[in-house]
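Asks: Chain residues, written in single-letter form:
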Amino acid sequence: MSIMGTRVVRTEDPAFLTRGGTYTADIALPGALHLTLVRSPVAHARIASVDVAEARSAPGVVDVVTGTDVDLEPVRMGPVGHAAMVRPFLATDRVRFVGEPVAAVLTEQAYEGPDAAELVIVDYYPLPAVVDLQAAARDEVLLFDEAGTNTVVGFGLEKPFDEHLFDGCDAVVTAEIVNQRLAAAPLETRAATAQWGDDGRLTLWCSTQNAQATRAEVAGWLGIETARLRVITPDVGGGFGAKIGADPEFALVGWLAQRTGRAVRWSESRSENMTGMLQGRAQRQTVTIGGTRDGRVLAYRLDILADAGAYPRLGAFLPYFTRSMAPAVYDIARVESRARVVATTTTSIGAYRGAGRPEATAAIERAMDMFATEIAADPAEVRKRNLIPPDAFPFRTKGRVTYDSGEYAKALDLVLDAAGYAGLRAEQAARRERGDAVQLGIGLATFVEITGGGAFAEDASVEVHPGGTVTVLTGTSPHGQGHATAWAMLASEHLGIPIEMITVRHGDTDLVPRGAGTMGSRSLQTGGVAVDQAAAELVELAKQRAADVLEAAVGDLELVGGAVRVRGTDASVALGRLAETERLRTEATFDSGAPTFPFGAHLAVVEVDVESGKAVVNKIVTVDDAGPVLNPLIAEGQRHGGIAQGIAQALFEEVVFDPDGNPLTASFADYGVPSAAELPSFTLLDMATPTHLNPLGVKGIGEAGTIGATPAVQNAVVDAVAHLGVRHIDMPATPLRVWEAIRAGSS
Amino acid sequence: MIPVAFDYVRPESVDAAVALLGERGEDASVLAGGHSLLPLMKLRFAAPELLIDIGRLEELQYLRLDGDEIAIGAGTRHTTLEASELLDTECPLLPAVARTVGDPQVRHRGTLGGSLAHADPASDLPAAVLALDGTVVLRGPRGARRVPLTGFYTGVFSSVKEPDELLVEVRVPRTGAAGWAYEKFTRRANDWAIVAVAVVDGWVGLVNMGPTPLRASATEAALAGGASIEEAAALADEGTDPPADSAGSTEYRRHLARLLTRRALTTAGR
Amino acid sequence: MKVHITVNGVPADTDVEPRLLLVHYLRDTLGLTATNVGCDTSSCGACTVLVDGESVKSCTVLTVQADGTDITTLEGLSPSPDELHPMAAAFRQEHGLQCGFCTPGMVMAAVGLLEEHPRPTEREVREGLKGNLCRCTGYHNIVRAVLRASGQDPDAAPDLVAPGFSTGSGT
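Chains as they are written, first to last, in my numbering: chain A, 689 to 1435; chain B, 3 to 272; chain C, 3 to 173.
Keep in mind that the hints are not guaranteed to be accurate.
[As the list claims (entries may be wrong)] With a Cα cut of at most 20 Å, we get these calculated EDC-like pairs of lysine to aspartate or glutamate:
1) C/K4 to C/D17
2) C/K4 to B/E14
3) C/K4 to B/D9
4) C/K4 to B/D55
5) A/K1086 to A/D1019
It should be emphasised that the hints constitute simulated quantities derived from the structure, not laboratory data.
Using the sequences and the hints given, assemble the complete structure.
Replies: Next up, the structure:
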């Protein structure tokens, strides 16, 4: 019986559940120094002086380093931005966000670090903070004087918007929407440990989603050959996009280890994490949608002003994806979009679960609801009227990407049926009629997203050892996604060897020099397919070897239960035996050449206490179609986590800076990560539409839940109070905001 | 994050603790459950030179009837209040409020006396004891004194308790069958209250409506004068000075105080 | 200061600095690194262990406060990786963990919860675990695991239990 598509419990769990994972902070090298960073308490300032004399004489202090001591060149850390928008590894003459590292304190004991760090005296000459995006775009206060502008990059700014875009539309709606800044907030904060070996090589243990890219970046920043750097990613306690690539602190840890000749450990506190780790989203959008009174959308415009934070990183590029996905699941004749990305004196923006696509989905899903309200139509019906039909695939969109496959209306119908949409609307009408304090809201989102974008290729190797155990090497290193189990399933399917005998290794660049990591929901459709192909090729290799041993023609051989057998006979030889004389190992590279486009539909039911403004999610029903499912247990887990993060954006979370650039949400007491008590259980529906872009037919599942759930819940909150004159509520829809919207709506 | 270094003593008795406070009260902090103090120390918002740990003093851990009152040792943990059959019968508001404090881990450590002494206006139990017209017993070098909670708090994190005094007992009346309710409004279940309202027998305590826990005096007076729940609740924010933050504007908190008072009075059935 | 603490059945006398947090005693002094630190504000619960059988956030307890106690961490819960404690087994069966970072604290909090509420409803599980944050699972499968570990069939639980509007209670 095939193991594919079955609910296999994870092979990695017994270790996690008995000794705990081994995270970077758990790696205790003998004699290692502890790094404590002195971070800027002000958002924007010139540094007049840094006095480390007193700190140097504090107990346990081995070294105190300031920016002028560091001989590494400041670097541009993102794919886009002016050449002058570079970041030093410790600030020298200027700080540009609260939390920017200014000095490094190295102590023998961890507890000595914070004591000594308090003694570093930095004289800041304050400069005006730049927090508001429109103000940043006006370039009144510049972050990088030499750049001459705060604009990091523009997409589609070359030509003006078409003034005739909405010609012929009976109804046109426009709105300003905030897609708020979020913290990825993995439970494990950032950490790195570095040690130089006698061979002149640096080993860097760090918490990252992609060891290989981290190696390339850190080696480049340190100015050493990549061959001299070994990056090891132990267990990683969540990433959600914010641990893509290296952080500047990683290179600093390596540099300090070289300077001191000692191993150096760094593990940040949560308060540091909430200002130092990459954050996500942070777009202000102006959406305009127009169409006919009978519900046909004719034109859509998305104008984006995006925040890059202080030093442009990956996040500055993500509005590109937002533009690509602007038209979403709809066949709209005229679509245009543009984006301006600006630097501000705040924490840098990177990828966060969905990374550019949730922003596109949230914009158009709010727009569809507003359009439906404008023409007094049911939002489900308006969506159906405009969905790309199933016979249109592959479909070239106005966002200039090609959707591979989709059955959007079917997904929407599935959730409407399962949720009992008509009954919910009847219940809503009854509550409105009665004037209940607790009103019902029903929110929809139909969505499509890109997975496996950016890096299409991935390697894998499969080796059977004498004795019959198997090692799979992959460049897709997990941080919770269950690769150890899933990749073992793929190998087991071909080899007939039980998954308990298959070890999946990853995240060590000496072992796996090539790989693009785990991000963008890419793993299965790239790395997984490579494992599948390597395992299939290993079977062929084994048959060729077995043909000699068994004195049979390759065509007469079959693989059964970990052995090659002559069909119809008892003559067989185990794979482990075939590995005794010569390594039995194959490698495969799979290059999909293009991303895939998972899709789905989410329906959220919320109740809103109109007297207090508090909204709670009662029910969420979703289709997240990512093609055939390898392991439903794991895939459902990805959906659950994604849905929770979607609800979190809609109702709870927002990174807030005051006008002076001070973070107001720099701890878990202030930043609203929801607990189990704020969430319901989720209702997941199955649907599997394969892609033609890989032999397994699979797409990515990691981010779908977040992309769909966010606008579904937001739409539901607005829907619950729409009869009170409310047209839009920005996320997160806090009780305060909902209450204020109701007051404004009914005044 | 870790605290600044400090000295630590674990006195064997209340007398010894009080004596220590007499010597070093200005530089010392009293440690009971530590769930208010240690987070502040870890963030280095507080850095006492000496911690006096009273967390194990069994003489501060009791719950007993004393005439018309219930006497509760200051070291009684929230989890003990929650599970107390005596309180469930004689003063059911208190265990109900205790169940809403923090999370189970916090309630396993936190104490009633610590919560009251910490004087956080956003805290649940002070407003509940205030609504109960409770009293605290303070012991210091000059002896013991009883202070009604209505006169205990002087501002945010401050009270009439002198640095050399130890809060040793909390006394609340037996409310028996009187109606009661606690309405706590939070964004997340584990957050501090944006506003909360404790009602018992027509008395009303407010959480986070000013620098100290407060009584809704105008509401109480209106109720005593025969006003309806709606009329009385509409006065709940009179005389308050609520803070403004990202969870709530002052106007919103005033609205919540009125709304939650109405709901609590309705639940309590006056 | 000298402390005598029993961790996972092993007693030890150790001299510690008064400010040493219990979580660091476990992790750094004893090398029991399953217990993690996820925040500074006692919010996340990743550091939850059992002290004399009760769930406690070990980042908010001084080691000296734990003098004389009996502590259980995740390492002391299951006899072996092949013989998981019923709660750990339920977490595995229901896929109640992904990255594993919150897991030690979550499992210990759940064990403590069932000690006090042997057959909780879904709502009680959710409220009982509100001091523990997980960023991966959305809690769906954690809740199922705890229900299963309590001897209940998570699929037989009532359809849905939404969070309430108020934690208010009264007569």
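Asks: Against this structure, judge whether each hint is valid.
Replies: Each hint, compared with the structure:
no.: 1; hint: C/K4 to C/D17; verdict: 4 Å, holds
no.: 2; hint: C/K4 to B/E14; verdict: 16 Å, holds
no.: 3; hint: C/K4 to B/D9; verdict: 13 Å, holds
no.: 4; hint: C/K4 to B/D55; verdict: 15 Å, holds
no.: 5; hint: A/K1086 to A/D1019; verdict: 9 Å, holds
Hint compliance for this structure: no hint is broken.
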